[in-house]
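Chemist: Construct the entire structure; sequences and hints are all you get.
One letter stands for each residue in the lines below.
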Amino acid sequence: MRVLLVDDEEEFVVTLTERLGLRGLDADYATSAEDALAKAEKNSYDVAVLDMRMPKMGGLAIRNALKGRQPDMKFLFLTGYGSEEDFNLVVSQDGDSAYLVKPIDITTLIAKIKEVSDRKGGRDD
Amino acid sequence: MVPIGRPLISYPTVDQEIKNVSLKSKIVEIFWVEKETDLRSSRHLFNFRKIWKYAVFLTGSVSLVPLIFITMVDYHVTKNAMEAEFRLRTARLVSNTGRSISFFLSERKAALDFIAHDRSCQASDPVRLGVILENLKRSFGGGFVDLGIIDERGVQVNYTGPEPLLGKDYSRQEWYKRVIEDGTYVSDVFLGYRKAPHVVIAVRTVREDGIFFVLRASVYLDPFEKLLVGLELSGMGDAFMINREGVLQTHSRSFGDVLNTIPLAVPAFSPKTEVTSEIDPSGRDLLVGYRFIEDTPFVLMITKSKKDLMETWFSTRLLLIGFLLASVSIIIGVIAATAAYMVRKMRIADEQRLMSFHKLEYSNKLATIGRLAASVAHEINNPLAIINEKAGLIKDLFVIRHQYAGDNKLMALVDSILKSVNRAGTITKRLLTFAKNFDASIEKLHLGHLIEEVVGFLRKDAELRSIDIKIDVPLEIPEIESDRGKLQQIFLNIINNAFLAVTDGGHLKISVTRKGMDSVIVSIADDGCGIKKEDLDHIFEPFFSTRVKQGGTGLGLSITYGFVQDLGGGVEVSSEVGKGTTFHITLPVRPPQDRR
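Chains as they are written, first to last, in this note's numbering: chain V, 1 to 125; chain G, 1001 to 1596.
Fair warning: there could be bad hints in the mix.
Claimed, not checked - With a cut-off of at most 20 Å between alpha-carbon atoms, the simulated DMTMM-like pairs for lysine to aspartate or glutamate come out as follows:
1) G:K1390 x V:D105
2) G:K1395 x V:E11
3) G:K1307 x G:D1238
4) V:K112 x V:D72
5) G:K1395 x V:E18
6) V:K56 x G:D1308
7) G:K1079 x G:E1379
Stated by the list, open to error - Computed, partial: chain G to chain V, Cβ under 7 Å:
8) V1065
9) P1066
10) T1184
11) S1187
12) N1381
13) L1384
14) N1388
15) E1389
16) K1390
17) A1391
18) G1392
19) L1393
20) D1396
Keep in mind that the hints were calculated from the coordinates and are not lab data. We put the CB at the ideal spot given by N, CA and C, even for glycine.
Modeler: Set out below in structure tokens:
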């Protein structure tokens, strides 16, 4: 399973990628929206793990852009800011997306990634 | 942190306060007593005592000053009227009596004059004169004592009476000169041969041959005395006559017997009756009426003691003063009570306003703190996530790569880092929860079941510590539409606190009551250590904890507060140190529209 991690905190995303790699997931990372879209041009991913709040383009915008390129891609959102608005945005736009608050537990993350990728296509497709 | 008032703590409401008014506090108004209250800091803004004093003073002055003024005027008018009345009465009496005396003397003068013109009298026949004297005595009631005729040389040529006065020469005597000059003469009083007071009345008559003679009679003053004694005088009155030198001519009740000199000044001559005020040597205030009796040396005086005269005035005055005092007390009483009532209303209104203000201030403050906490949590979460991942990676390397698996010490260190990260993460998550709440699912809930559920989490702990938990949810409590997760958190937090407050074997009572149609109140009461008064003000503030050393975060109750607010309810707490604490959570039966 190929996973794309997108977060502006490079230290975070690099380490997490390595940890997922250690656990046998084919993980890749990007630290900005452009980077993420460029990666998605070259490779295809099953699941994208997106930070909700990033400079320029947030997680939701990146999801929409990625979905245009790879409609089957599933999404998982991360945030350090557990706000109701964020949550409502996710559920109102995509009932099949999941949501986690930082700091995350690696086992929970992997479980969520698996859960999301096992779902069938998004309702709004 | 700026200390704030005491919001959300169960203030007595207006209704309660009015119901609880005891007799004492009805008299001593509540605002009068400086209460040890939460609002002390703002008390200077509302000096109700001062307002009350001003109101009473102003209203009192406006109503009492005219009353007192009118009463004083009336006092003086009445007093003066009464005095004038007494003066008038005295004057009238003096006039009448004076007239009687004048008449008495004129009558005798006229009688003498009549006799003098009778020829039989003109002869120097003492027998004839004796007969005339007897006739006079008979006709005039015994006043005449003797009768004498003095010729133009001043020698008494004929005399009848008890004294040996025949042949006496009066030519050099003052009275003789006066009678020749004036035609008639009435003497001062003198004590005669019987030591009884007399006056001499003399008339001058010209005979047919052109030569004059004087007819002279001594007259007892008995009739005068009788006349004066017979007067009905009020006010310890005294009626007497003096001559122009102030020598008593009749007996006086106050100043003694005939020929004593009275201690009062002899009044100046006046042709009319006069009434004046004088003070006698014994200090009595006297009303003195006097009249100069025409053609005599006599002055009739009637004195009355003002004090005795005004006896009736004093009772009137007493009545007047009594009326004034009664009116003043009633007016002051009514004003004080009315002012107290108004000021009390003002106080209640002001305090309610202040309370609402405090509540609002507090809510705003909590909201601000909530936002701050959320942003702090967010800022911390990112580096925390990095630490988490780095430490996680180290652990992964140990576990998965087996290179360092044998190094237990390193493993323990990494585990310790991860544990600490986890702890910090729990705090930031709770902070975030305090500020923003993810879930907002409203459902129909049975409060009894929900409370049972929550207590279920803690049942084990309760059993271990033998804490007795009673739940009382009456059947009439309706199902409420609310957020299960939040309610659970609310109850869990408060019950947890109660567990910490009670000792082993303590008691906890959870009861639900209805409040009107739209709300229910969940009361959670413990018999634990209670909360100090100064702490009560802060228990809903984040990071306020009395158990910092025991690991309290100080977020529990502030989160609870936020949740209750979200659900459209309110939370109040009352506590007494050593007796226990009760939380009252008011919840709406239906959630507010904007939160559904």
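Chemist: Are there hints from earlier that the structure breaks, and if so, what are their numbers?
Modeler: 6, 7, 8, 9, 10, 11, 17
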